Amino acid sequence: MTEILEYTIKDFKSENEVRWCPGCGDHAVLNSIQKAMANLGVRQEDFAVISGIGCSSRFPYYMSTYGFHTIHGRAAAVASGVKCANPKLCVWEITGDGDALAIGGNHFIHCIRRNIDLNIILFNNKIYGLTKGQYSPTSDRGAVTKTSPQGTIESPFIPGQLILGAGGSFFARAVDNNIKHSQQVFEDAARHQGTSVVEVLQNCVIFNDGIHAEISDPKMRDERQIFLKHGEPMIFGNQKDKGLILSRSGLKVAVIGQNGITLDDILFHDVTEPNGYIHQQLIGMKLPDFPVAMGVIRAVEAPVYDQLLEEQIAAVQSKSKIKSIDDLLSSGNTWVVE
Amino acid sequence: MVGTKIIELEEVAIRFSGDSGDGMQLTGALFSDTSALFGNDISTFPDYPSEIRAPQGTIGGISGFQVQFGNGKIKTPGDFAHVLVAMNPAAVKANANFMRPGGTIFYDVDSFTQKNFDKAKLKTDDPFTECNLDDFIKVAVPITSMTREALKDLDIDNKSILRSKNMFALGLICWVFSKPLDYIEKFIQRKFAKSPVVVETNLRVLHAGWNYGLTLEHLTPRYIVHPAEIEKGTYRNINGNLATAWGLLAASHKAGLDLFIGSYPITPATEILQALADRKDLGVKSFQAEDEIAGICTAIGASFAGKLAVTTTSGPGFALKSEALGLSVMAELPLVVVNVQRGGPSTGLPTKTEQSDLLQTLYGRNGESPLVVIAASTPSDCFHFAFTAAKIALERMVPVVLLTDGFLGNGSEPWKIPKFNELPSITPRIATDPTTFKPYSRDEKTLARQWAFPGMDGYQHRIGGLEKDAAGNVSHDPMNHQRMTDIREAKVNRVVEMIPDIVIDGDQQGDLLVVGWGGTLGYLDGAFREMQTKGARVGLAHFNYIKPLPANTATVFSKFKKIVVCELNLGQFAGYLRDKVPGFHYYQFNKVQGLPFTVQELVENFEKILEEK
Chain H
1 MTEILEYTIK DFKSENEVRW CPGCGDHAVL NSIQKAMANL GVRQEDFAVI
51 SGIGCSSRFP YYMSTYGFHT IHGRAAAVAS GVKCANPKLC VWEITGDGDA
101 LAIGGNHFIH CIRRNIDLNI ILFNNKIYGL TKGQYSPTSD RGAVTKTSPQ
151 GTIESPFIPG QLILGAGGSF FARAVDNNIK HSQQVFEDAA RHQGTSVVEV
201 LQNCVIFNDG IHAEISDPKM RDERQIFLKH GEPMIFGNQK DKGLILSRSG
251 LKVAVIGQNG ITLDDILFHD VTEPNGYIHQ QLIGMKLPDF PVAMGVIRAV
301 EAPVYDQLLE EQIAAVQSKS KIKSIDDLLS SGNTWVVE
Chain U
1001 MVGTKIIELE EVAIRFSGDS GDGMQLTGAL FSDTSALFGN DISTFPDYPS
1051 EIRAPQGTIG GISGFQVQFG NGKIKTPGDF AHVLVAMNPA AVKANANFMR
1101 PGGTIFYDVD SFTQKNFDKA KLKTDDPFTE CNLDDFIKVA VPITSMTREA
1151 LKDLDIDNKS ILRSKNMFAL GLICWVFSKP LDYIEKFIQR KFAKSPVVVE
1201 TNLRVLHAGW NYGLTLEHLT PRYIVHPAEI EKGTYRNING NLATAWGLLA
1251 ASHKAGLDLF IGSYPITPAT EILQALADRK DLGVKSFQAE DEIAGICTAI
1301 GASFAGKLAV TTTSGPGFAL KSEALGLSVM AELPLVVVNV QRGGPSTGLP
1351 TKTEQSDLLQ TLYGRNGESP LVVIAASTPS DCFHFAFTAA KIALERMVPV
1401 VLLTDGFLGN GSEPWKIPKF NELPSITPRI ATDPTTFKPY SRDEKTLARQ
1451 WAFPGMDGYQ HRIGGLEKDA AGNVSHDPMN HQRMTDIREA KVNRVVEMIP
1501 DIVIDGDQQG DLLVVGWGGT LGYLDGAFRE MQTKGARVGL AHFNYIKPLP
1551 ANTATVFSKF KKIVVCELNL GQFAGYLRDK VPGFHYYQFN KVQGLPFTVQ
1601 ELVENFEKIL EEK
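Taken in sequence, the protein lines are chains H and U.
If you use this note's numbering, the first sequence corresponds to residues 1 to 338, in order.
If you use this note's numbering, the second sequence corresponds to residues 1001 to 1613, in order.
Please keep in mind that the hints were generated in silico from the structure rather than gathered at the bench.
This one's a predicted model, so the numbers in the text were calculated from it and none came from an experiment.
Some hints could be false.
As the list claims (entries may be wrong) - One-sided excerpt, in silico: chain U residues whose CB lies under 7 Å from chain H:
(1) E1290
(2) A1319
(3) W1451
(4) G1455
(5) D1457
(6) E1467
(7) G1583
Heads up, the beta-carbon is just placed ideally off N, CA and C, and yes, glycines get one too.
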C-alpha cells in the first residue's frame, strides 16, 4: 500500500523555543532540514534525530520527531545502534566539528567505514561555541582563541578528506545561509544509501563571527563557490564563464574563451566515480586560487551495513535447524538422566 | 588387568597441565564432557596465561585445566588435585602447591631434559624432590616417544606429531578413570572431518594412550567414580559465558523483542559476543564496535529503537562505558551490561578471576547514578541471572549490570536444560495510549516510565542526557532535579519487590553466618558444610542481588552471633553492607591472588573467627 505523505515544515517543528543565539547559522540549517524532511516521503514517526554535545546538538529538541540528545562525541555510535536495530527508520545525526572530529573521531570514521545508512550533518564553525570559544580540530593553523592565545600550532582536519580516507560513500558541502541549496543537498543526502556526510559551513556569531564570510558572502557567491551538479560541467562565476579543467598537476581554473578553452574542455562532475582522485581535489579547493566546492561531491554505491546485517540474518534463518530457544538449548551434546 | 588396584572414590580432581600450545584446555574439556556424559557431576576451572603462546617450557607458559567430578553434587573444581598430568618439568613445578598429598603425577618423562629443567628454572635434575613432591605416586610415561611410535608409518611432520601428544595423555587418563573413548572419538571425527589424516593421527594416539594404561597394570591404581544421583531431566555441559549469552537470548524471545548486542572483544568476556554473533538464526543482531564506548552506545541506540539491548565487557571496558551508562540511567532506557570480572586495576590479570569491580559497578559514574546490580554464582546459573537482568531492565526501564567473573565465565558444569515455556514471562513497558503518553510519566507502583520508540505513531518525543521534567522538557529547576534524582534512586530500590528473599543455607541461626556474593558460592558452600560436619552452628547467606539487597537481609543477619563476609577483593561488599545494613560487626575474609578461594583456607579462617572472644 503506497500512501502519499503530505507534510510541511510545520509537521517537523516542535513547540520548544529555539534557544540558539540570534544570528546563529544553526537557525537556517534547522529550517532547511525540516523542509527537506517534509519532502522525503518518509512517515514523520519514522524519523529519528540523534545528536551529541555542542550548540548544534540541541537540535533534536527543536524537532517534533523522535530525538535523542546523547553524550559528547557518541552520536555516531548511538545512531548506528538505532539504524541497525531498525533499518526502516530514517536516522539523522546532528554533530559539530568538536563532537564529530575531536572527542567522537573514532566513532565518526568507523561509522563511515561501515557505511551505515545515516545522514550526518556536520556543523563546521571551526570553534567550540558551547564552552565559549576554544579552538577545534577544524580551526585554521594560527587561529587565536581562548586556549590558543598565541595562535594554534596544529593543522586542521579537512572534513571531506577525512571522510574519503575512511572510505566514505557520500560527501556534500553547503553553507548555512543558502537555504534553498542546502535543502536540496540534505534531500540528496537522505536518499543516498549508506553514510552521507554533509559539511555545513556554519557561522558562530559570538565566538567566530565571519569565519566563513569570505566564502559565504551572498554578493560574491557565484565567484567564490562552485555549485556542483552530477553530469554537468563544473562551471562558475557571475557570467558562468569559468570552469575546472584537468591539468597534469591536477584541477585548474580556466576561463572559457581564453587560451583556446571552450565549454568542451571543462570537466563534467561525476559523483559516482569510485576513484576519489577528482573528489579529493574538489574537496581541497580553497580561495583565492579556486572557488569552494558546494553540493554533492561524492555519492558512490557501496554495500550498506544495516542492510547486509538483515540479509545475513535472513539467510541464516532460512538454513539453520535452530528455530527456537528450545532447539538451541538442546543442541549439541546432551544426555538424559532417568 | 589382573593385579590392577581399583579404587572407588566419591570425587576426584584432575589437573591437566602443559605448555599453552600443548592443547591442555581441549584435553581437559573433552575429559570433562566424557565424565558428564557418564553421569558424574563436574566442575571445571581453566587456568591459562594471557599470552597466546608464552615461551615454551617456562612457568609463565603453563596452561592448566582442572576438573573435579564425582558421584555427589560437585560445587567446585577442587582445592587440590588428586591427579596431575604434567607435560613438562615446568608443569610439575607450577602445580606443586595445588596437589593433594599422596596424589598421583603422570608426567612425560621424555620432557625431563636438562634444557627443560633450565627453562623451568629448576636448580636440580629432580623436580619432585626440589618441589617437595617425594610422597607422591609418580608415573613416568614416555608420552613424546610413544606418540612418535604410534605415528611412525604416517607421513606427517614433526610439528603435527608433537601437537597430538595431548591425545596420548587423554587416552591414558581415560583408562585410569575407566572412561569410555567413544565420545572423544566422535568429537575428533566431527571436528576434523575435512582432514582424514588429522582424524587418523588423533585417534591412533588416543588409543595408544589408553593401551599404554593396560601395560601399566598394577603399577598404578585405577579409579572408579560412580555416576552421581542427579535430578531427572535432560542435561548438557555449559560454561558461564555461554549460559549468559543464552539467558539473554531466551529473555529476548520471552519479551517478544529482538536481541541487540554491541560489544568489543575483551578477555574473559569475549565468548558472550562470539556466542551471540553465531545466533542470527534466532534473530540476534550483533555489532562488534570500534571500542568499548561504541559498544554500549550502539546498545543504547538499539534500546532507544525498541530492542532488548546488551553490552558485554570486563573491568577495564566497564570503566570506559561509565559515561554512557550514566546516559542510560538518565534516559531511563532498558539495558543489560555484563561485566565478566577479572583481576585489576588497569589491565591487571586479564585471564584470572576477581570480584573487585563491585564498587565500580555501584558507584563508578558521575552524579547520583543508581542502577540495578545482580551477580551470578555458578556457571550454569548465569543463564537464570542473565534472563532476570533482562526481565528487570525491560519491566522497570532501568539499566541492570550483571556481574560474573572469569571463574564463572570459563568454568563449566552440567546443567539441567530448562523448557522455554517454563521460564517466567517478561512484559516490556511499551506505551499503549498516545493521548496520555509523556516520556517521564510513571507507573505509580514501580516508578517505571513507559517505552515508546521510533516508528510508533503518536508518541514522538525527545530524551537525552540533560535533566528533564515529567513532560520530557529540559529543566534546570532546582526542585525538579531533586525530585527526579530521588525518583531514579527509588525506582531502583523498588526492584526489591521483584527479587526473592535471601535464604540461609544450613543453620537458620547460630554462631557464624558466612556471607558471600557472586562466583564464590561453590567454595563457601563447601567450607560451611565442612564446618557443619565438625559440629559448628553455621549458616551461609549467598547474595545474587546486590542493589537492591533482598528485603530480609537485616533480619537474617540478626540471627547469628558473628558474620563473616568473604570475597575476592579487599572488602567491597563488606563496606557496602556496613553502609546499607548497619548495626552489625562484619568480619572479612579477602583474597586477591587471581584465584578462587580454597575450602581449606576458608575453614581455617572460620575456625579462627569462632575461637575469637
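Quiz prompt | Ascending list of hint numbers which this structure does not respect | solution = 2, 3, 6 and 7
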